[in-house]
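> Sequence:
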Amino acid sequence: MKAINDKGFYPDFGYRPAEPERPIVFYIELYEESSAYYLAARLQKEHWEVNVMPAGSCWILLAHALASPDQQTISDLCDYLSDLSEFYGGSFKRWELNSLS
0 MKAINDKGFY PDFGYRPAEP ERPIVFYIEL YEESSAYYLA ARLQKEHWEV NVMPAGSCWI
60 LLAHALASPD QQTISDLCDY LSDLSEFYGG SFKRWELNSL S
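Numbered per numbering that gives the first Met the number 0, the sequence shown spans residues 0 to 100.
Everything labelled a hint here was simulated from the structure, so no lab data went into it.
Nothing false has been slipped in among the hints.
Label pairs and their in silico Cβ distance ranges:
#1 Lys44 x Gln70: 13 to 21 Å
#2 Ile59 x Tyr79: 12 to 20 Å
#3 Glu31 x Gln71: 24 to 32 Å
#4 Gln70 x Glu32: 29 to 37 Å
#5 Tyr36 x Asp82: 13 to 21 Å
#6 Asp75 x Tyr26: 12 to 20 Å
#7 Asn50 x Cys77: 15 to 23 Å
#8 Glu31 x Asp69: 29 to 37 Å
#9 Phe86 x Leu61: 18 to 26 Å
#10 Ser81 x Asn50: 18 to 26 Å
#11 Gly55 x Asp75: 28 to 36 Å
#12 Pro53 x Lys92: 13 to 21 Å
In this text, all values refer to a predicted model and were calculated from it rather than measured experimentally.
Using N, Cα and C, we set each Cβ at its ideal position, and we do this for glycine too.
Could you build all of it, start to finish, from the sequences and the hints given here?
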């Protein structure tokens with residue numbers, strides 16, 4: 000992972016250290032294991048912690064941000080994830096939680 004500069008941002012991305020009081024969680028349901036792991040790898044590149052779990056006939060991805068992206072980055076990522084999960088015949092949801100505990 001890249002070092003954080005003195006302004007609290009990663010140099011190549013518009014991210015700052017995560018704010019634990021307002022975590023964002025993505026729930027993604029896909030029907031192919033390879034699609035689930037492909038998407039997990041893409042999210043990990045964008046500073047998300049991802050858990051991939053089998054759930055009957057589908058695969059569930061739960062992802063939360065390790066750093067806090069700006070709103071435009073979140074909006075773009077949500078559009079991308081929604082389109083990708085629809086392409087693979089799955090579903091996508093976003094939650095903004097009060098805490099992870």
